[in-house]
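**Student:** Take a look at the letters that make up each chain.
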Amino acid sequence: MAGSDHCKKSCSHGKAALPCNDSGGGTDGRMIVNRAIGEASIREDLEALTVSKRLVRSVSQKLLKKNHRRNVEEEGNQTRISSRCLGLYGRGGGCKVGADTCEEFGDGICRRKSSADEEGKGHQAICGTEDTRIDCFSYGVTERFWRRNGGKERGLEEPLSDGGLNVLLPDELLEMCLVRLPLSTLMTARLVCKKWRSLTTTCRFLQLRREGLYRSPWIFLFGVVKDSYCSGHIHALDASLDQWHRIDAHILKGRFLFSVASIGDDVFVVGGCSSLTNFGKVDKTSFKTHRGVIVFSPLTRSFRKVSPMKHERSAPILGVFSIGSYCSIFRSQSNRADGHFSRSRVGGVSNVYEDPHRLSLRCHLRGSSSEDDALSEPKRKPCGFVKQESSWSNLDEDRRFILIAVGGLGSWDEPLDSGEVYDPVSDKWMDIPRLPGDFGIVCSGVVCNGMFYVCSETDKLAAYDLERGIWVGIRTTHSPPRLHDYFPKLISCNDRLFMLSVSWCEQDCQMGSRDKAVRKLWELNLSLLTWKEVSRHPDAPMDWNAAFVSDENCIFGIEMFKIFGQVLDFLTVCDVSGSELRWTRISRKHVAHELDASSCLTKSIAVLHL
Amino acid sequence: MASAKVFVLRTCDGETFEIDESVAYVSETIKNMIEDGFGHDLIPLPNVSSKILLKVIEYCRKHVSNFESSKKTSNGDEKDKDNDSWKKEKEAVPEVEKDAEEKARVEELKEWETTFIDIDQQVLFDLLQAANYLNIKGLLVMAAEKAASMIRGKTPEQIRETFNIKNDFTPEEYEDIRKKDAMNDFTPEEYEEIRKKIADNHFTPEEYEQIRKENAWAIE
Chain A
1 MAGSDHCKKS CSHGKAALPC NDSGGGTDGR MIVNRAIGEA SIREDLEALT VSKRLVRSVS
61 QKLLKKNHRR NVEEEGNQTR ISSRCLGLYG RGGGCKVGAD TCEEFGDGIC RRKSSADEEG
121 KGHQAICGTE DTRIDCFSYG VTERFWRRNG GKERGLEEPL SDGGLNVLLP DELLEMCLVR
181 LPLSTLMTAR LVCKKWRSLT TTCRFLQLRR EGLYRSPWIF LFGVVKDSYC SGHIHALDAS
241 LDQWHRIDAH ILKGRFLFSV ASIGDDVFVV GGCSSLTNFG KVDKTSFKTH RGVIVFSPLT
301 RSFRKVSPMK HERSAPILGV FSIGSYCSIF RSQSNRADGH FSRSRVGGVS NVYEDPHRLS
361 LRCHLRGSSS EDDALSEPKR KPCGFVKQES SWSNLDEDRR FILIAVGGLG SWDEPLDSGE
421 VYDPVSDKWM DIPRLPGDFG IVCSGVVCNG MFYVCSETDK LAAYDLERGI WVGIRTTHSP
481 PRLHDYFPKL ISCNDRLFML SVSWCEQDCQ MGSRDKAVRK LWELNLSLLT WKEVSRHPDA
541 PMDWNAAFVS DENCIFGIEM FKIFGQVLDF LTVCDVSGSE LRWTRISRKH VAHELDASSC
601 LTKSIAVLHL
Chain B
1001 MASAKVFVLR TCDGETFEID ESVAYVSETI KNMIEDGFGH DLIPLPNVSS KILLKVIEYC
1061 RKHVSNFESS KKTSNGDEKD KDNDSWKKEK EAVPEVEKDA EEKARVEELK EWETTFIDID
1121 QQVLFDLLQA ANYLNIKGLL VMAAEKAASM IRGKTPEQIR ETFNIKNDFT PEEYEDIRKK
1181 DAMNDFTPEE YEEIRKKIAD NHFTPEEYEQ IRKENAWAIE
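These protein sequence lines map, in sequence, to chains A and B. Just so you know, we're using the numbering used here here: the first sequence kicks off at 1 and counts up by one. Just so you know, we're using the numbering used here here: the second sequence kicks off at 1001 and counts up by one.
Since the hints were made in silico from the structure, they are not lab data. Here the structure is a predicted model, which means the values were calculated and not measured. Keep in mind that a hint or two might mislead.
As the list claims (entries may be wrong) - Taking beta-carbon pairs under 7 Å as the criterion, some of the chain B residues facing chain A (in silico):
hint	residue
1	F1125
2	A1144
3	A1147
4	A1148
5	I1159
6	R1160
7	I1165
8	D1168
Said to hold, decoys possible - Computed footprint of chain B on chain A, listed as stretches where at least three residues anywhere in the stretch have a Cβ under 8 Å from a Cβ of chain B:
hint	stretch
9	172 to 178
10	183 to 191
What the hints assert, rightly or not - Short derived list, chain A residues pointing at chain B, Cβ under 10 Å:
hint	residue
11	L169
12	K194
13	K195
14	W196
15	R197
16	Y214
Ideal Cβ positions, reconstructed from N, Cα and C, are used throughout, including at glycine.
Work the whole structure out from these sequences, hints included.
**Tutor:** Written as structure tokens, this is what we have:
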């Protein structure tokens, strides 16, 4: 049949090839009439329409299909390669058709085609002859429809029956396509129809998305102050598309100086203060310190409260342990009294560090009445907890997270040396031993290699061993020198420990003077306990409360400060996996210009893969 | 040895296609059928039309030839025993050249893939289903990725138009979730346009209530 020949021809040209006639039974029912959404009048007897009506219709079609894709257009046109089409073309009509078919019919059509093309890719040509109007119409679907059904109105009981993709593809294939979308497109997709919405919000779908590595980093900026109110807005940066989004978080209104940590797909907002007299403002004249913990799930844009901490803290130092499910911390921890700081040998490594296993074994055998009480070791019990049905979609079966909160300021703004750990599965907080007596005020902490490293305002370093429930002191060869106004910040990437600290620029500084301050990135050699400078931040350290957070092998940093009367924010990232560690700027779009300068003090960031 | 085995596939529209064993084996489904002993006669593929099978075969052939050429550029193994002498010659080629060849091969494959998958959505979806049925992973992934790229960067209305999907949210419902999922960055004009086009109410009151609850923030 002539029609099918044309089909094959177009196939071989690699053009939009369609099952263009009905010999293929499988294509039936797919191209349902109702492409022009809202145009219920398609059903009407088209041949009865006058030219003017069709012209009007085509104009409104144009407006509807502003962004209509060309290939769909072509597809519609290609379908007309059938015997019926031939007849029409023979009458000298003809709209946009594929180039190859054009040749078949001689110059008349070709000329028409070129003019049609020029009128715009997405638009129907306003053709002259009556008959061709039918073909131009609505991606040519109508045409096929009429052909197939001999004019009978099939499948048109509902004004807009759901054809196309939803009928076309089984759920699992549709899922396969949707799972690859970046988050912002996914959010859009969830607004398309109920089916897409339900498909993209199941746990299974989110799991697939996570495992397939279709996610990209998102940076969440918390604690911003606008017009002197802690309005509870969260600013989220989609790092891959460089797009900022603003999320309303009423539940965080008025709260400031909280700390944030990302666990799985959620962000935990811990502690903080709010003003009692001047609600909503950053006002510490009369304030209340919170114990509460709020969990923010960006994917569902929801907030929920979990168990509060045992102590009120503002700006606690947080860390997230990622552990295998065998760990029995909560069992063992309950057996202990306040542990003591284990004094390490001068000038070297603490003996726990040297051979933790042997030491722990020794303690274990001796029982708790050993002279090494400082290192008293709980009896290690086998994992006894029951694997609970987790309502979280984001927890791996084998992976558990433990949140640790240490220090911060208490209800009277007093610096705290206590700490506690939280288990999301059992939703319980538990006290841990206090920080070592001479440690000082803790100013930064991060989990690395199963240990929660903390540093103090007096440049001491210690680590909390979660398994054994004890603090160990870490003596390094020398701590990086720093300006005393800028507290050091610990960061961990892929089991490597880094520190960001601001110091004077020496040696290879161009100016040669000591007046220039620079933010340096140091790495700690975990076996030799020596610090080595690995990178310098290109920006002058204007923000003494710059926030840094790590995500796999990247360190993201945000600095916010007021300059020339405006608050500006600068986001940078450093990839530590390379041999050369360099900082690059991300996002030229500033979000801080609306914000108050006090946001610099109160801001905090978290990074998630979404 | 180069396989002389040929299999015949028959599509739902009655057409038959002959393909080599290596090409046939790209499809896990066909491979299983052959191994189960159905290879002697025609292998029927009732879910695939000839149009689509042409595309599938094109993919499989490219896959096979690409695989073979990749073996040649890498320190391949003993696939073609007949070509030993030729292989020895190849081994004498320095590493750098091999890498360059490999790169060129990869480039060429990418270009081929781009052209191959540049098809309209009707064919794309048919291809997606065929790849699923025939269990051809590479093709499935390619098609899914292409479909995803057709969704990217569009507003919900545009997505609906492109794929002919009916909006079954009520206007209130839509507004509700749109506010909640406020990452879609509509311009006010676009939103207005969308509002005007929204379909009639098809929710039952219970459904509607449930969805509202579902979407409410878990505060307190």
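**Student:** Each hint should be assessed against the structure and marked as holding or not.
**Tutor:** Hints and how they fare:
1. The restraint placing B:F1125 at the interface with chain A holds, with a minimum CB-CB distance near 5 Å, inside the 7 Å limit.
2. Interface restraint check: B:A1144 against chain A, minimum CB-CB distance 4 Å, threshold 7 Å, status holds.
3. With a cut of 7 Å, the hint placing B:A1147 at the interface with chain A holds, because the nearest CB-to-CB distance is about 4 Å.
4. The restraint placing B:A1148 at the interface with chain A holds, with a minimum CB-CB distance near 4 Å, inside the 7 Å limit.
5. Checking B:I1159 against chain A: minimum C-beta separation of about 5 Å stays under 7 Å; hint holds.
6. The interface hint given for B:R1160 holds, since its Cβ lies 6 Å from the closest Cβ of chain A, which is under the 7 Å cut-off.
7. With a least beta-carbon distance of about 5 Å to chain A, the hint placing B:I1165 at the interface is held under the 7 Å criterion.
8. Proximity of B:D1168 to chain A holds as hinted, the smallest CB-CB distance being about 5 Å (cut-off 7 Å).
9. By the rule of at least three residues with a Cβ nearer than 8 Å to a Cβ of chain B, the coverage given for the stretch 172 to 178 of chain A holds, with 5 such residues.
10. Coverage of a stretch by a chain is defined here by at least three residues with a beta carbon nearer than 8 Å to that chain's beta carbons; for the stretch 183 to 191 of chain A and chain B the count is 8, and the condition holds.
11. With a cut of 10 Å, the hint placing A:L169 at the interface with chain B holds, because the nearest CB-to-CB distance is about 6 Å.
12. Evaluation of the A:K194 hint against chain B yields a held restraint, the C-beta minimum of about 5 Å falling below 10 Å.
13. Among the interface hints, the one on A:K195 holds; its C-beta lies about 8 Å from the nearest C-beta in chain B, closer than the 10 Å criterion.
14. Interface hint status for A:W196: upheld, as the beta-carbon distance to the closest one in chain B is roughly 8 Å, under 10 Å.
15. For the restraint placing A:R197 at the interface with chain B, the shortest Cβ-Cβ distance is roughly 8 Å, inside the 10 Å limit, so the hint holds.
16. At its closest, the beta carbon of A:Y214 sits 9 Å from a beta carbon of chain B; the interface hint therefore holds under the 10 Å criterion.
Consistency note: the structure conflicts with none of the earlier hints.
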